[in-house]
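Engineer: Chains as they are written, first to last, in the numbering used here: chain F, 1 to 335; chain Y, 1 to 253; chain S, 1 to 292.
Hints were generated in silico from the structure; no laboratory data involved. Treat the hints with care, as some may be off.
[Stated by the list, open to error] Partial list, computed: chain F residues near chain S (C-beta under 7 Å):
| no. | residue |
| --- | --- |
| 1 | 20 |
| 2 | 121 |
| 3 | 122 |
| 4 | 283 |
| 5 | 301 |
Glycine residues also receive a C-beta, built at the ideal position from the N, C-alpha and C atoms.
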Amino acid sequence: MKTALDNLKGKSTKNSLKIIIIIAIALSLLVPFLNLSSFVIRMIIMVGIYIILGLSLNLVTGFAGQLSLGHAAFYAIGAYTSAILSTRFEMSFFITALMGALLAAFFGFLLGLPTLKLEGAYLAIVTLGFCEIVRIVALNWMGLTRGPMGIPGIPAPSIFGIDLGTEVGYYFLIYILAAATIITIYRIVNSRVGRAFIAIREDELAAQSMGINTTMYKVLAFTIAAFFAGLAGSFYAHYVTYIDPQSFTFDESIQILSIVILGGMGSIPGTIIGALILVTAPEFLRSLQDYRMVMYGAVLIIMMLTRPQGIMGASKTKIKRNKLASSKISNKGGE
Amino acid sequence: MSLLQVNNLTKRFGGLVAVDSVDLVVNKSEIVSIIGPNGAGKTTFFNMLTGIYEPTTGSIKFDGKNIEGISPEKVIDIGMARTFQNIRLFSNMTVLENVIVGMHTRTSNGLLHSILRTKKFKHEEDGCIDKAIELLSTVNLDSKLDEYAKNLAYGEQRRLEIVRALASDPKLILLDEPAAGMNPQETHELMEYIRKLKQMGFTVLLIEHDMKLVMNISDRIYVLDHGAKIAEGTPTEIQNNKSVIEAYLGKGA
Amino acid sequence: MFFQQLINGLTLGSTYALTAVGYTMVFGILELVNFSHGAVYMFGAFVVLMLMTALKLNFMLAFVIGVIITGLLGITIDKICLFPLRKKKAPKVASLISTIGVSIFIQNLVMLVWGSETKNFPLVLNLGSINIGSLKISYLQIIIMMIAVVLMAALTIIIRKTKIGKAMRATAQNMEAAKLMGVNVNFVISFTFFLGASLAAVAGVLVGMYYQSVDPMMGFMAGLKAFAAAVLGGIGVLPGAILGGLIIGVSEILAAGYIHAGFRDAIAFGILIAVLIIRPTGLLGKKVQKKV
Numbered sequence: 001m002k003t004a005l006d007n008l009k010g011k012s013t014k015n016s017l018k019i020i021i022i023i024a025i026a027l028s029l030l031v032p033f034l035n036l037s038s039f040v041i042r043m044i045i046m047v048g049i050y051i052i053l054g055l056s057l058n059l060v061t062g063f064a065g066q067l068s069l070g071h072a073a074f075y076a077i078g079a080y081t082s083a084i085l086s087t088r089f090e091m092s093f094f095i096t097a098l099m100g101a102l103l104a105a106f107f108g109f110l111l112g113l114p115t116l117k118l119e120g121a122y123l124a125i126v127t128l129g130f131c132e133i134v135r136i137v138a139l140n141w142m143g144l145t146r147g148p149m150g151i152p153g154i155p156a157p158s159i160f161g162i163d164l165g166t167e168v169g170y171y172f173l174i175y176i177l178a179a180a181t182i183i184t185i186y187r188i189v190n191s192r193v194g195r196a197f198i199a200i201r202e203d204e205l206a207a208q209s210m211g212i213n214t215t216m217y218k219v220l221a222f223t224i225a226a227f228f229a230g231l232a233g234s235f236y237a238h239y240v241t242y243i244d245p246q247s248f249t250f251d252e253s254i255q256i257l258s259i260v261i262l263g264g265m266g267s268i269p270g271t272i273i274g275a276l277i278l279v280t281a282p283e284f285l286r287s288l289q290d291y292r293m294v295m296y297g298a299v300l301i302i303m304m305l306t307r308p309q310g311i312m313g314a315s316k317t318k319i320k321r322n323k324l325a326s327s328k329i330s331n332k333g334g335e
Numbered sequence: 001m002s003l004l005q006v007n008n009l010t011k012r013f014g015g016l017v018a019v020d021s022v023d024l025v026v027n028k029s030e031i032v033s034i035i036g037p038n039g040a041g042k043t044t045f046f047n048m049l050t051g052i053y054e055p056t057t058g059s060i061k062f063d064g065k066n067i068e069g070i071s072p073e074k075v076i077d078i079g080m081a082r083t084f085q086n087i088r089l090f091s092n093m094t095v096l097e098n099v100i101v102g103m104h105t106r107t108s109n110g111l112l113h114s115i116l117r118t119k120k121f122k123h124e125e126d127g128c129i130d131k132a133i134e135l136l137s138t139v140n141l142d143s144k145l146d147e148y149a150k151n152l153a154y155g156e157q158r159r160l161e162i163v164r165a166l167a168s169d170p171k172l173i174l175l176d177e178p179a180a181g182m183n184p185q186e187t188h189e190l191m192e193y194i195r196k197l198k199q200m201g202f203t204v205l206l207i208e209h210d211m212k213l214v215m216n217i218s219d220r221i222y223v224l225d226h227g228a229k230i231a232e233g234t235p236t237e238i239q240n241n242k243s244v245i246e247a248y249l250g251k252g253a
Numbered sequence: 001m002f003f004q005q006l007i008n009g010l011t012l013g014s015t016y017a018l019t020a021v022g023y024t025m026v027f028g029i030l031e032l033v034n035f036s037h038g039a040v041y042m043f044g045a046f047v048v049l050m051l052m053t054a055l056k057l058n059f060m061l062a063f064v065i066g067v068i069i070t071g072l073l074g075i076t077i078d079k080i081c082l083f084p085l086r087k088k089k090a091p092k093v094a095s096l097i098s099t100i101g102v103s104i105f106i107q108n109l110v111m112l113v114w115g116s117e118t119k120n121f122p123l124v125l126n127l128g129s130i131n132i133g134s135l136k137i138s139y140l141q142i143i144i145m146m147i148a149v150v151l152m153a154a155l156t157i158i159i160r161k162t163k164i165g166k167a168m169r170a171t172a173q174n175m176e177a178a179k180l181m182g183v184n185v186n187f188v189i190s191f192t193f194f195l196g197a198s199l200a201a202v203a204g205v206l207v208g209m210y211y212q213s214v215d216p217m218m219g220f221m222a223g224l225k226a227f228a229a230a231v232l233g234g235i236g237v238l239p240g241a242i243l244g245g246l247i248i249g250v251s252e253i254l255a256a257g258y259i260h261a262g263f264r265d266a267i268a269f270g271i272l273i274a275v276l277i278i279r280p281t282g283l284l285g286k287k288v289q290k291k292v
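Whenever a hint applies, use it, and build me the whole structure from the sequences.
Structural biologist: See the structure below:
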């Protein structure tokens, strides 16, 4: 007879999944040495950026259930912070990235505090409006952002004097950042904090009755998400070396949201797959030339009609027991 | 010794008086029931106790402290946990997770411990799992730990909701029509279970329509009608109370 | 100067109000933010223009046909892209993404068929203007505001007094109950989309006449602002959409005049956020008591 704990572990499926993950990791480490064209490498790096953006939005929208249409705002704040600090004060990437992420998190906190009492359409328009405000400020505050001229000449990152501004350097840098994001978000989601997020999504009133301070947790989800979006923005700025407000429009927020929904709200592997598909899709559709964006719209619609829960659907969160089973429980299983 | 003491509690919605100056006392280790026809104000009464509605007037004293107008998330913290009339589980969470969310206020793992998977994190998680399994085994749900709550049968969902409330180690547990929609067999099991809760040292306040259940397990009963208390007493006293019979069957019965 | 801008703002605001009504009606019934609405507004302006230039129809005929075509487009969007999702009881956000897909699709299709450049919208009604002191009100502005007022009044009468209006209100209150009472809910939803889309088309044409130009991107910002207007007034509440539209229109023109032209869009959203922080359900929205 299976014990209660065996039920929890689901061993067989877990092992095969582990093997797949290990193979995927091994293969991905070889990528920069496969003599791929710069174009493909560039594509992969962009996928990495969108994995970070998608996962962070998924935390807010997929796990905590709060629809945000303004995620690009935090991406922009991270990118501009990094760009300004590195071009004017010659700070290194690692400092500017931290500053960018923290400033984005701070704005996430500021926006979240008064607005997360709002629901549905109200929250959607406020996040959207915030995103527009950030873009318009970036466009008009010439002294700080140079407005539509953008900020050129953002230096490539380096560490201990090693220049990371090469394809291999950028690849491993985004690889580490994306992996760190995946692990962090995974661990948050599979913890007391994450369960509080999901409980709020499932039934806010019941969550409150369980003692969850729903406003505090929603603000927390927003702040964490903004932090990672800011981090992605910082990397982006140092990667493309030139940013302007055009990169952070409402379309960008929609692109990130589409990744989350296409992959499956509340699914971490889903977001990774979603980023892969939506970042590369326009390239695959490039042969359609002018029809490209028309097709993109059609694909979104068809996707939603055929699989509204996304490719993966929400994945089960895992609670893992770490110690050996205590005698009481194994006895029970043996009965 | 009284655990919960409600004085003169009133709730008005506009011109409608949903609950009209109700007094009520629950002593430690008692099972107290509130009965009354539909629309008598029972659930509104519960909602005031648990902070979902703010009382218009009146006082609620729990465990020696005045708590009227408290916010809902604080209620469980001070030792009062509830279930809902129309089951409110976290449908897309597993049975085990539902129970562990119930332990939210009794646990403390924050962001840092969760991200770093510290010893404290693991220790607390393990403790939660063990405790949850133990609680679930009392309602025979320990074989369905990894099942989504939405996939459980109706009676199982009711039981899970009770266990989720118990997970917070409450001093008082409020059950809002726990037998609603249950078949006689399930109701019987529920009755036994509520008795067992009393033996385990819990205090129970319940709203229920099933008279057999109420009369069998209650130490004392309060009867509400049109928002006002019309009777209180032991099951035998209530069964013979004239105004109660009138409220249920109409005048002239 | 101030009154001049107030008039300009009210003119613009009336077109927002006409568009906002579409958001608010669809939201009232389906609790869905229809992101294709801005593209529908742009489509309406283009169709009327094309009927006039390509088919050489006179303005009034082109206007009526174009508005009806756009109304039918509204129904089509619902039938193809939203109805199947309702049937599946898919999450609301899937419908939302679907409407975003529709928006991208229409906008790019229009660019493909009619080109992405800004097009001249002929000056169909050149009536001059009235001057009161330094205040200059063009007859076109008066006509725009009059059309908005008349259509809003007509819409209010439809919703308050007619049978279909009653059915719409019933569906918005409780779709299941309306169904049980014999309301043809699918027809009501189609009718709502038709009304919303055709009013957006009217707004699109009016804006085209006002600025004498249309372009495939014109629906984007206008759509966002009309949505903001609907929420500002209290989404699902018809008079709220009108009030919200006027407030957004006036505040944006005043902001452009007195603060900085570059910030005009930011101001509109800033006001919206400020209002929602103070009144989370918008100016005229009602708070619903939670059922437990």
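Engineer: Hint by hint, say whether it matches the structure.
Structural biologist: The hints, checked one at a time:
no., hint, result
1, 20, "violated, 28 Å"
2, 121, "holds, 5 Å"
3, 122, "holds, 6 Å"
4, 283, "violated, 17 Å"
5, 301, "holds, 4 Å"
Hint check: violations occur at hints 1 and 4; the rest are consistent with the structure.
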